[in-house]
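K.L.:
Put together the whole structure using the sequences plus the hints.
For the sequence shown, position 194 (counting from the first letter as 1) is numbered 194 according to the UniProt record's numbering, and the numbering increases by one without interruption.
Keep in mind that the hints are not guaranteed to be accurate.
Capping the alpha-carbon separation at 20 Å, the derived lysine to any residue pairs in SDA-like fashion look like this [claimed, not checked]:
| no. | residue 1 | residue 2 |
| --- | --- | --- |
| 1 | Lys462 | His316 |
| 2 | Lys587 | His46 |
| 3 | Lys283 | Gln312 |
| 4 | Lys497 | Gly637 |
| 5 | Lys502 | Ala568 |
| 6 | Lys558 | Val707 |
| 7 | Lys82 | Phe42 |
| 8 | Lys558 | Thr581 |
| 9 | Lys473 | Leu185 |
| 10 | Lys603 | Glu619 |
| 11 | Lys339 | Trp461 |
| 12 | Lys603 | Val545 |
| 13 | Lys700 | Leu499 |
| 14 | Lys700 | Phe495 |
| 15 | Lys477 | Ala646 |
| 16 | Lys603 | Val149 |
| 17 | Lys607 | Arg160 |
| 18 | Lys177 | Lys607 |
Worth flagging that the hints you see were computed from the coordinates, not collected in a lab.
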Amino acid sequence: IMPAAWRGLSRGTRLGLACTSLVASVILVTSYLSPGRLLMRFLLRHRAWLYKDHGKIGGLKTSSSIQLRQRLYLGCVWILWKWIALERWLRGRRPRSLYAVQDTLPPLPVPRLRDTCHRFLDSVRPLMNSADWERSTQVVLQFASAGGVGEKVQRALVKRARALEGISSWLEEWWEKEHFLRCRLPLPVNGNWYGLDRPDSPSCSQSWRASWLVSGAIRFMRHLNREKLEPLQIMGYVPLCMWQYRRVFFTCRVPREGCDELFTFLPTRSAHIVILIKGQMYKMNVFHDDGIALTVQELQENIQAIIEDCKQLQAHEKEPPVGILTSEERDTWARLRLKLFEVDPENERSMTIIETAMFVLVLEGAYATSLSEQARMTFVGDGRNRWFDKSFQLIVYEDGSAGVNVERSWADAPVASHLFGFMHDHENAAFNFSVPHDTSATASGEVQGGSKKVKTIRLKWKLSSDIAEAIDKAAIKYEELVSKTDLHVLNMRYFGKGLIKKCEMSPDAFVQMALQLAYYRLHGCIALTTETAHTRQFFHGRTEVVRTVSSDSVAFVKAMAHLDRSAAETKLHLLRRACVTQVERVKDAMNGNGVDKHLFGLKMMAKEQGISCAELEDEAFTLPVKLWTSQAPAQRGPSGGFGPVAEDGYAVSYLVNEDNIYFHVCYRRGESSEAEDVEEDGQSGRNPASSEAFAAAIEKALLEMSVLCTKKAQTAQTNSVSTLDWTNC
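P.N.:
Now the structure itself:
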C-alpha cells in the first residue's frame with residue numbers, strides 16, 4: 001500500500017526518485033564492499049605503463065597507439081583514486097590520507113631466474129675479457145638450468161614472497177639487516193648522507209632559524225600522526241608506498257655487536273628533542289604539559305637560552321664529547337655503550353633521552369661560503385658535536401644556514417628530503433622572505449604574544465678512564481677518516497634538463513653517459529658503475545641497483561675518447577643508443593626486474609635452506625664497484641650527497657634542474673691512491689684521483705656531449721650512420 005504522498009506524485013517523478021534511491025543504494029553497498037580497492041589492486045599489478053613514454057626518449061618516438069593506451073590506463077587509475085576517496089568519505093574518514101591506498105599496492109615481484117641471469121651476464125660482459133666471460137656464462141647458465149640448484153632456490157624464494165604478501169616484502173627484512181644493520185663500518189661517510197640548504201631560505205639569526213625549522217618538523221609530525229599527508233604518486237597517478245614515513249621521528253639505530261637494532265619509540269605528550277652545541281647536550285621539550293606545541297617564539301627563547309648557557313660554561317663544567325663515539329666502528333661503539341651504563345646509571349638515563357628524542361638539533365659555528373665547504377661541514381663536520389645514530393640531525397649554523405645529516409637504514413633519501421622540503425616551505429610561507437637579521441624579528445601572529453619557557457636539562461656523563469681514552473682515540477680515528485674524504489660540489493649553470501630534452505634524450509641517461517666518460521678519461525678504464533632506482537610503487541618497496549655500464553655505453557665512451565671530431569654523427573648515434581639501453585635498465589629495476597636484489601635474495605634463501613651455491617661466488621659476481629651514483633630527489637636547492645663505501649671509489653649524487661645541474665662528488669682516498677697514466681686522443685698523461693678532478697672531467701664530458709647534440713640540431717638528418725663496434729676498442 002503506497003503512502004498518500006507517493007500516490008500524489010506523477011509517474012515521471014516516481015521514476016526519478018526510484019532511480020535516485022537505486023543509485024544511492026548501489027553507492028552505499030559498494031562503499032561497504034570496497035570494490036574500488038579491489039580494482040585498484042588489480043590495476044596496479046599491471047606495470048607495462050612504465051615502459052610507455054610520453055614523446056621521445058633516447059631519440060625514439062613513442063607510437064600514438066601506445067600513448068593512448070597509457071593515457072587510458074592512467075585515466076582508470078585516476079577514476080579509482082576518486083572512487084576510493086568517495087568510499088572513505090562515506091565512511092567518515094579522510095578521503096586522501098597518508099595510508100589510504102597502502103593495501104592496494106602490489107607486492108614486490110620475484111623476477112624470473114633466467115631473465116635475471118641473462119641481464120647479469122649482459123651487465124658484466126663489457127667489464128670482462130672474452131675468455132672469462134665465456135667461463136662465467138657457463139657457470140651462470142648451469143646455475144639457472146632446469147632441475148639445477150638455482151631453480152630449487154628460486155622456488156623457495158617465490159614461496160617466501162607469497163607467505164609475506166600483505167605483510168612485508170620478500171626482500172625487506174634481509175636487506176635492512178644484512179646491508180645496513182650488519183655493516184660494521186662507521187656511520188659517517190660510509191652510511192650517513194647529507195642535504196644542503198636552499199638558496200631561497202630566509203636570513204635570520206641561528207636561534208630564530210632553528211626555531212622555525214623545528215616548528216616545521218613538529219607540524220610535519222602532526223600531519224603524519226593525523227595522516228593528513230597525501231600519498232606521493234608517480235606522474236600524479238600511480239601511488240607510492242608510504243610505510244617508511246612511520247620511522248621519520250623518534251627513531252634511533254642502537255649499536256649491538258654483530259648486528260645493530262633499529263628502534264622507533266612511541267611519541268608521548270612530552271615529546272622532546274636533543275640539542276647539541278659545542279659537544280654539550282640539552283634536552284628540550286617541544287610540547288607543553290597539556291600537549292600543545294611550543295610556538296616559534298617559545299622555541300626561539302628556549303634555544304637562545306641554551307646558547308647563552310653553553311657560552312657561560314667554564315672548562316671544568318663542560319661534559320665530555322660522548323657524541324664522537326657514534327663515529328666509531330659499530331662493534332667498538334656497542335661495547336663502549338654498555339661500559340657507559342656500567343659506570344653510572346646517569347649515563348643510561350642520558351642515553352635514553354637521546355635515543356627516544358624526536359630528532360637531534362645541532363647548533364654549529366660559522367658557515368663556509370663555498371658549496372663544497374658547506375657540504376663537507378654538513379657531511380662530516382666536527383664529530384664531537386654529532387650523534388650519528390639518530391634518524392636525522394638538523395644542523396643550523398651561526399649565520400642561520402642549515403643542513404641535515406641522515407642515517408640511511410630507516411628510510412630512503414626521498415623521505416627525508418620530503419621532510420626537509422616541508423620544513424623549508426613552512427618557514428618560507430610564514431616569513432614571506434622579509435625577515436630582518438636581528439633576533440627580535442617576528443614573522444607571523446604565531447610567534448607574537450606571551451611565551452613560556454619549558455624546562456631544559458643539560459645531559460650529564462660520568463666516565464671511567466678507559467672510556468675517556470676511547471673518546472680520544474675515536475677523535476683521532478675520525479680525523480683520519482675525514483682526511484681521506486675528498487668532497488667537491490659542482491654547479492653547472494646554463495645546462496640542465498631543458499637543453500637535454502631538446503636533444504630528445506633522457507636527462508638521467510645523458511648524465512650517466514657523462515659520468516662513465518669522465519671516469520674513463522680520468523682513469524683510462526671502464527669501471528663497474530651503479531645507479532639507485534626506487535621500487536616504492538610496490539608494497540614496502542625501497543630501492544634497486546641499476547648496472548649502468550653496457551656494451552652500448554662502452555662503445556660511446558671509447559668513441560668519444562678515441563675518434564676524431566669528424567666522427568660526430570657516429571658519436572651521436574652511439575650516445576642515443578646508449579641512452580635507450582640505460583632508460584630500459586632503469587625501468588626494469590623500477591619494475592622489480594633488477595639484478596642485484598634478486599641475486600642477493602637467492603644467496604640469502606640458499607643460506608637459510610642450507611644449500612651450497614658456489615656458482616654465486618664466481619668472479620663475475622665479485623667485480624668491485626668503483627663508481628656509485630644516484631639522482632637526488634627533486635627540490636629547489638643544491639640537494640646533497642653521500643660517500644663511497646670502498647677506498648679509491650667515487651660517490652656521485654646529482655640533481656638535474658631545468659637550467660643547471662648540481663653534482664656532489666665524493667672520493668675516498670685509499671692507501672695506494674696516486675695519479676694514474678691515461679691516454680686519450682693519442683696523448684698520454686697522468687691524472688690525479690680527486691673529487692675536483694672528477695668533477696672537472698664530468699663538466700668537460702657534458703659540454704662535449706651538448707656540442708654533439710647542438711651540431712646535430714643545426715644540420716640535416718642523415719640517412720645512414722656508421723655503426724662500428726667500439727666495444728673492444
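K.L.:
Could you run down the list of hints and mark each one as holding or not?
P.N.:
Here is how each hint holds up against the structure:
Annotation: proposed proximity of Lys462 to His316 holds, straight-line Cα distance about 13 Å (limit 20 Å). Simply put, Lys587 and His46 have alpha-carbon atoms about 14 Å apart, close enough for the 20 Å limit, and the pair holds. For the proposed pair Lys283 and Gln312, the alpha carbon gap of about 18 Å is at most 20 Å, so the pair holds. Proposed proximity of Lys497 and Gly637 is supported: the alpha carbons are some 15 Å apart, at most 20 Å.
A hinted pair counts as satisfied when its Cα atoms are at most 20 Å apart, and Lys502 with Ala568 qualifies at roughly 18 Å. Distance hint between Lys558 and Val707 is fulfilled; the C-alpha atoms sit about 17 Å from each other, no more than 20 Å. Between Lys82 and Phe42, the direct Cα distance comes to roughly 16 Å. Compliance with the 20 Å bound is thereby established for this hinted pair. Restraint check for Lys558 and Thr581: the C-alpha separation of about 17 Å stays at or below 20 Å, so the hint holds.
At most 20 Å may separate the alpha-carbon atoms for a hinted pair to count; Lys473 and Leu185 meet this at roughly 16 Å. For the hint linking Lys603 to Glu619, the alpha-carbon distance of about 15 Å falls within 20 Å, and the restraint holds. Restraint check for Lys339 and Trp461: the C-alpha separation of about 12 Å stays at or below 20 Å, so the hint holds. Under the criterion of a C-alpha separation no larger than 20 Å, the hint pairing Lys603 with Val545 is consistent with the structure, at around 16 Å.
As the CA atoms of Lys700 and Leu499 are separated by approximately 16 Å, the hinted pair is consistent with the 20 Å bound. Between Lys700 and Phe495, the direct Cα distance comes to roughly 12 Å. Compliance with the 20 Å bound is thereby established for this hinted pair. Among the hinted pairs, Lys477 with Ala646 is consistent with the structure: their alpha-carbon atoms are about 17 Å apart, no more than 20 Å. In summary, the hint linking Lys603 to Val149 is supported, as the alpha carbons are separated by about 11 Å, within the 20 Å threshold.
Between Lys607 and Arg160 the alpha-carbon distance is near 14 Å, which keeps this suggested pair within the 20 Å criterion. For the given pair, Lys177 sits about 14 Å from Lys607 by alpha-carbon distance, which is consistent with the 20 Å threshold.
In summary, the structure agrees with every hint in the numbered list given earlier.
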